[in-house]
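Novice: Protein chains in written order, with the UniProt record's numbering: chain A, 1 to 141; chain B, 1 to 194.
To be clear, the hints were calculated from the coordinates, so they are not data collected in a lab.
None of these values were measured; they are calculated from a predicted model.
Misleading hints may appear alongside valid ones.
What the hints assert, rightly or not - One-sided and incomplete, this derived list gives chain B residues near chain A with beta-carbon spacing under 10 Å:
1) Y10
2) E36
3) N41
4) L124
5) R127
6) K133
Unchecked claim - Using 30 Å as the maximum straight-line C-alpha spacing, the simulated DSS-like pairs for lysine-lysine come out as follows:
7) B:K101 - A:K133
8) B:K96 - B:K16
9) B:K75 - B:K108
10) B:K121 - B:K96
11) A:K20 - B:K121
12) B:K181 - B:K16
13) B:K121 - B:K108
14) A:K96 - B:K181
15) A:K133 - B:K133
16) B:K96 - B:K75
17) A:K20 - B:K108
18) A:K96 - A:K133
19) B:K75 - B:K121
20) A:K96 - B:K133
21) B:K133 - A:K12
22) A:K133 - B:K75
23) B:K181 - B:K108
We treat Cβ as the ideally placed atom computed from N, Cα and C, and that holds for glycine.
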Amino acid sequence: MAAIYSLYIINKSGGLIYYKDYGSAGRMDTNDTLRVASLWHSMHAISQQLSPVSGCFGIELLQADTFDLNCFQSLTGTKFFVVSEPGTQHMEGLLKHIYELYTDYVLKNPFYEMEMPIRCELFDINLTQAVQKDRVALLAR
Amino acid sequence: MIGVGKIKQYSNVLDKPLSKGKQEVSLSAFAFLFSELVQYNQTQVDNIAELERRLEDAGYAVGARVLELLCHRDKGNRRETRLLGILSFVHSTVWKVLFGKVADSLEKGTEHEDEYMISEKELLVNRFISIPKDMGTFNCGAFVAGIVRGVLDGAGFPAVVTAHFVPVEGQHRPRTTILIKFAEEVLRREARLG
Chain A
1 MAAIYSLYII
11 NKSGGLIYYK
21 DYGSAGRMDT
31 NDTLRVASLW
41 HSMHAISQQL
51 SPVSGCFGIE
61 LLQADTFDLN
71 CFQSLTGTKF
81 FVVSEPGTQH
91 MEGLLKHIYE
101 LYTDYVLKNP
111 FYEMEMPIRC
121 ELFDINLTQA
131 VQKDRVALLA
141 R
Chain B
1 MIGVGKIKQY
11 SNVLDKPLSK
21 GKQEVSLSAF
31 AFLFSELVQY
41 NQTQVDNIAE
51 LERRLEDAGY
61 AVGARVLELL
71 CHRDKGNRRE
81 TRLLGILSFV
91 HSTVWKVLFG
101 KVADSLEKGT
111 EHEDEYMISE
121 KELLVNRFIS
131 IPKDMGTFNC
141 GAFVAGIVRG
151 VLDGAGFPAV
161 VTAHFVPVEG
171 QHRPRTTILI
181 KFAEEVLRRE
191 ARLG
């Protein structure tokens, strides 16, 4: 079964505002997650500049030997990315869905401060459900 | 609805029937507006009780207007004069206009004679809101409590209305209960009316 290892959300200045891992594979300590987040932020920005095609929005998919990294950037510059087992399908869909949850349960929450770490109970609950549903869908195939 | 070409001409604007207006607004737009309302009020207060009170006041103004409008639109300028009548008016008519559905339940308090409860599994205003742990029992339903108070007060049933989270067994999310505690004079009048 293809699995999701972890999910990151980084704000427009490269700070990690949400991190969640699923299962023990690929788990990292807090410092490493922060490092990955800011590293990815910079790489993403550089890739836009280096791209041979014009109108490039940055890296969407990074494929490595041991993992795939799918990234989605919203219009405001918030980046969502999932690290998953190589060859995991339909990650774009999942990222879009996570973005939807973010706009609903984080941005519409009066107690959330923009660009700050996300601590919203409803977001956690719905995210867990979304990832689980995704897994169920993968199992069914 | 009257078809095109058959529109009746009214010489006086006051003779026109009161239009029902557009029935629905975007939930997102409302959620953002409500979020801003809470955020603005948060900057004006220094404790949670005060924030709750301000939200309730904002709701009170809505409730007073809603009563006026609905009495005119649905009841031919009459209003309920009995306790149960006004409660079911709030529970069904008001709720339907504001939230598109009737409230989940309307109960009488078991401990006190003067207490009634309107419960809602998921209050519309709380749909996207997660209360931070450090705010304790604060509930944004205070706004809805204010609406209920506005309606009741306007109809001549002064009451203290509060919103509470009530945990439900087997459910992850607590439901919201709007607790209505009527003033003494209301109950005395009600007893006199028999």
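Novice: For the pair supplied as a hint, K96 of chain B and K75 of chain B, is the alpha-carbon distance within the 30 Å limit?
Specialist: Cα-Cα ~15 Å, so holds.
Novice: Minimum Cβ distance from Y10 of chain B to chain A below 10 Å?
Specialist: Since the shortest Cβ distance to chain A is 42 Å, the answer is violated.
Novice: With a cut-off of 30 Å on the C-alpha distance, tell me whether K96 of chain A and K181 of chain B pass.
Specialist: Judged against 30 Å, a Cα distance of about 46 Å means the pair is violated.
Novice: Quick one, is the E36 of chain B hint okay against chain A at 10 Å, beta carbons?
Specialist: Interface hint status for E36 of chain B: holds (7 Å vs cutoff 10 Å).
Novice: Next pair to validate is K20 of chain A with K121 of chain B; report whether the Cα-Cα distance is within 30 Å.
Specialist: 29 Å, holds
Novice: Has the given pair, K96 of chain A with K133 of chain B, been kept, meaning a C-alpha gap of at most 30 Å?
Specialist: Judged against 30 Å, a Cα distance of about 29 Å means the pair holds.
Novice: Regarding the hint that N41 of chain B lies at the interface with chain A, is the smallest CB-CB distance below 10 Å?
Specialist: Holds, because the Cβ-Cβ distance from N41 of chain B to chain A comes to roughly 9 Å (cut-off 10 Å).
Novice: Given the proposed pairing of K96 of chain A with K133 of chain A, does the C-alpha separation stay at or below 30 Å?
Specialist: 14 Å, holds
Novice: Mind checking the alpha carbons of K121 of chain B and K108 of chain B for me, to see if they're no more than 30 Å apart?
Specialist: 17 Å, holds
Novice: Does K96 of chain B sit within 30 Å of K121 of chain B, going by the straight-line distance between their CA atoms?
Specialist: Satisfied, since the Cα-Cα distance of roughly 15 Å is no more than 30 Å.
Novice: For a C-alpha distance cap of 30 Å, please report whether K75 of chain B and K121 of chain B respect it.
Specialist: 29 Å, holds
Novice: Restraint: R127 of chain B near chain A, CB-CB cut 10 Å. Satisfied or not?
Specialist: Given a least distance of 8 Å, the restraint on R127 of chain B holds.
The structure shown violates the earlier hints numbered 1, 4, 12, 14, 17 and 22.
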